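Asker: Now for the letters of each chain:
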Amino acid sequence: MNWKRSLVAVLVVIPIVALFGYGLTRNPREIPSPLPGRPAPDFALMPMDAPSSGEEGVSAPSLPVRLSDHRGEVVVLNFWASWCIPCRDEHPALVAAAERYQPKGVIFYGVLYNDSPDAARRWLAEMGGQPYPTLLDPGSRTAIDYGLYGVPETFFIDREGKVVYKHIGPVTEAILTTRIEEILVGSPRGDA
Amino acid sequence: MIQTIGSSSIAVALALTLYGVVAAVVGVRRRRPELLRSAEAVAYTNFGLLSLATLAMVYALVTHDFSVSYVAQVGSRSTPLFITIISLWSALEGSILFWGWVLAAYTAAAVYLNRERHGSLVPYALTILLGVGAFFYLLLVGPANPFGTRWPVPADGPGPNPLLQNHILMAVHPPLLYLGYVGMTVPFAFAIGALLSGRLDDTWIRTTRRWTVAAWTFLTLAIVAGMWWSYEVLGWGGYWAWDPVENASFMPWLTATAFLHSVMVQERRGMLKVWNLSLIIATFLLTILGTFLTRSGIVSSVHAFTAGSIGYYFLAFIAAILVFSLVVLAGRSQELRSAGNLDGVASRETVFLLNNLLLSAFTFTVLLGTLYPLVAEALRGVKVSVGAPFYNRMTLPLCVALLFLMGVGPALPWRSASRETLRRQLLPPLAAAVLVAVASVAFGVRQVYAVLAFAFGAFALVANLREYGTGVRARMRAHAEGPLTALRHLVAANPRRYGGYVAHIGVIAMAIGIAASSTFRMERDATLRSGETVEVPGGRFALRFDELWALDEPQRFVVGAYMTVLREGREIGRLDPRLNFYRGNDQPIATPAVRTRPDLDIYVNLMAFERDGSSATFRILTEPLVFWIWLGGGIIGLGAAIALWPGRRRRAALMTDPAIPAGKGGER
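If you read the sequences in order, they're chains A and B. So the first sequence is numbered by the numbering used here: it starts at 1 and just counts up by one. So the second sequence is numbered by the numbering used here: it starts at 1 and just counts up by one.
Any given hint could be a false lead.
[What the hints assert, rightly or not] Straight-line alpha carbon distances no greater than 25 Å define the calculated SDA-like cross-link-like pairs of lysine to any residue that follow:
{"id": "1", "chain 1": "A", "residue 1": "LYS104", "chain 2": "A", "residue 2": "ALA119"}
{"id": "2", "chain 1": "A", "residue 1": "LYS4", "chain 2": "B", "residue 2": "LEU329"}
{"id": "3", "chain 1": "A", "residue 1": "LYS4", "chain 2": "B", "residue 2": "ALA320"}
[What the hints assert, rightly or not] Looking from chain A toward chain B, a few residues come up when the C-beta cut is under 8 Å (computed):
{"id": "4", "residue": "SER6"}
{"id": "5", "residue": "ALA9"}
{"id": "6", "residue": "VAL10"}
{"id": "7", "residue": "ILE16"}
{"id": "8", "residue": "GLY23"}
{"id": "9", "residue": "ARG26"}
{"id": "10", "residue": "TRP83"}
{"id": "11", "residue": "ILE85"}
{"id": "12", "residue": "LEU184"}
{"id": "13", "residue": "VAL185"}
Keep in mind the hints are simulated off the structure, nothing from the lab. This structure is a prediction, so every number in the text was calculated from the model and none was measured. Using N, Cα and C, we set each Cβ at its ideal position, and we do this for glycine too.
Using the sequences and the accompanying hints, generate a full structural model.
Answerer: The structure is reproduced here in structure tokens:
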């Protein structure tokens, strides 16, 4: 047997095996985002309607909503669509969290992704409304800025306007509560 | 009880196999025939034991014995019987059991068919077959034990993965794939056996030629069935997504295809010995790599099973096979010098070499794309994904070039071709190619690759049909036979050659189907109220959404839409796309409705619906010539069946082939 050749064979094999061994330690479904820890991209989006289950007499704001207007406040940004099935699952959790945290000053926004306002309104009516406004993102500029991978995705933005956490897929009430509490406790109050 | 039968069969098989490996090696080295006999007996016994274990598992599945861990994992009382049986391969442990069973069957068959053969080739090959078997039995005893005990016994289970219980092709695609994958073990074992025994002539190739063709056929049909499944189930109207696991089944197909061609050069000219051994080793390694990618969760894919420790076992196995094969091959490479040299540039050998070059480049490209995300993450720590644009850009030139060679190869003689031969053989196919290219452009085809695919498709079709034509005419003259008799005798005299040409025609049909359907695909999304009609993209048809229906089945809740296909206002057919909501799964699984015709498929997928049934959203696609892809798969299968047909005149045909006109030299 030719030992030099055999040695070469082994040397060829080692990197291949090392690569696969490394691959085994990774989770391919984990999609990282460069956003957490970074400033959230600003946006100026028109709201679709006034909050449907809000107080009577609250008129729809006619100016675009800017993220930068909410500096000093904790913002939860939820990208959704009426054609998205998991969005149905997470809807009650978002409603419950909004009802609980909006009085404490947390701002909730939905952002409609690749959907028509009519379909979204019908969906909201069917789902029993949404206690916070949904913003329209024609051309998906904001979705692109946020590096959206699919819907639903939820971004948690702290008082300094930084993305603290990004959740891919339907959120649960437990996730919303934990993340919001973390931000409320963790970051110092800006104005208040 | 079932656990005891299943586990002990596998444990005994593992113990016997380990003995068999030793017995075969010692038997052949020390010339102890009784040890060899006992190793052969192990091969037969293993088949019995694994059959018993597989039957025990099927029995446990059918009787809903949820104390068996695998049944608790994939079984459910509400799943229909047929789906319950095929859930044998719907998750990791069961599929490894099925794999082990197929391998045991192949091993027993390989031993039985070579029982008269003397020398050391078969014992060494048996050692390899048993060694590979030992690995899979080890998995079944350890990390992929399907016969674990669940306590307390669950009352019911979740049922198999909804994607797998949604279409009949799931009963076809996985077994075919396993038959193809596992079948590649036999040529690999004989190749290594040839290296170990020093019998480096063509014996191993002649012994395994039909095994390779059979395994290749299963693999081909498995890939086509997988394409069909994804077309009929996944709802985006495509059949190939360059998913890592699709790639994993495609790579061994590419290397095996290369082997089927280059092996003829070795048989005919004594060249490419190392290359052929390498191809068969690569094919086997790629099947194991494919299994590793599917089973270990190393890449994200629709096929990925839940990961466990099994990935590390596969990794160790791949490393062992790689080192072992390379060392054995390196040790013998001095003795594997080519016996012949290339004579002429314009010859069939040259075409085979080019074909192998292209297929190897193809394999490398696919491998690169599949593993690049892993490399990038390991070296640079970034997540990247390699998508269809990379593969399309890299492989389309290779595809059209291969299509072209598929016409040149059969037209050229071995050794060298005179200018006159070239002109006579290539002019008619070239004329067809030019005609088709001009016609395509005239009809408005502007995509370069589509035009090239149609033109080279025509080129290769004419060239392959002409082989039949000249052969039949020569026989009719020489033997005064009628055309049909001549055809029958021609094919019977050299089934491999003429079966190969039929397979070529199947590949051409697929290539044209793929080129046309991917180039001229049109799609639109539409939300319709019931009774509303929408134009199908392309304008020839319209679709009316009649009403929404719902059905509660034991294992799922189905929502469907009745739709009518209209042409010029006349009703010509019905379609009912559905969404299936399986218990315990949030994501509905779609069943698109497809109206397949030879010229055009209309494909409708139900995307969403109003709960009150008033309206629904559909994705409507039209794709021309998709049917030709499935038809092509069938033609390839037919060609392979012809090539495998055991003809009476096979042996005689090996010596001389009177059907081949003089001066043209057919392959033997």
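Asker: If a hint holds in the structure, say so; if it doesn't, say that too.
Answerer: Each hint, compared with the structure:
{"no.": "1", "hint": "A:LYS104 - A:ALA119", "in the structure": "violated, 31 Å"}
{"no.": "2", "hint": "A:LYS4 - B:LEU329", "in the structure": "holds, 13 Å"}
{"no.": "3", "hint": "A:LYS4 - B:ALA320", "in the structure": "holds, 18 Å"}
{"no.": "4", "hint": "SER6", "in the structure": "holds, 4 Å"}
{"no.": "5", "hint": "ALA9", "in the structure": "holds, 3 Å"}
{"no.": "6", "hint": "VAL10", "in the structure": "holds, 6 Å"}
{"no.": "7", "hint": "ILE16", "in the structure": "holds, 7 Å"}
{"no.": "8", "hint": "GLY23", "in the structure": "holds, 4 Å"}
{"no.": "9", "hint": "ARG26", "in the structure": "holds, 6 Å"}
{"no.": "10", "hint": "TRP83", "in the structure": "holds, 5 Å"}
{"no.": "11", "hint": "ILE85", "in the structure": "holds, 6 Å"}
{"no.": "12", "hint": "LEU184", "in the structure": "violated, 30 Å"}
{"no.": "13", "hint": "VAL185", "in the structure": "violated, 31 Å"}
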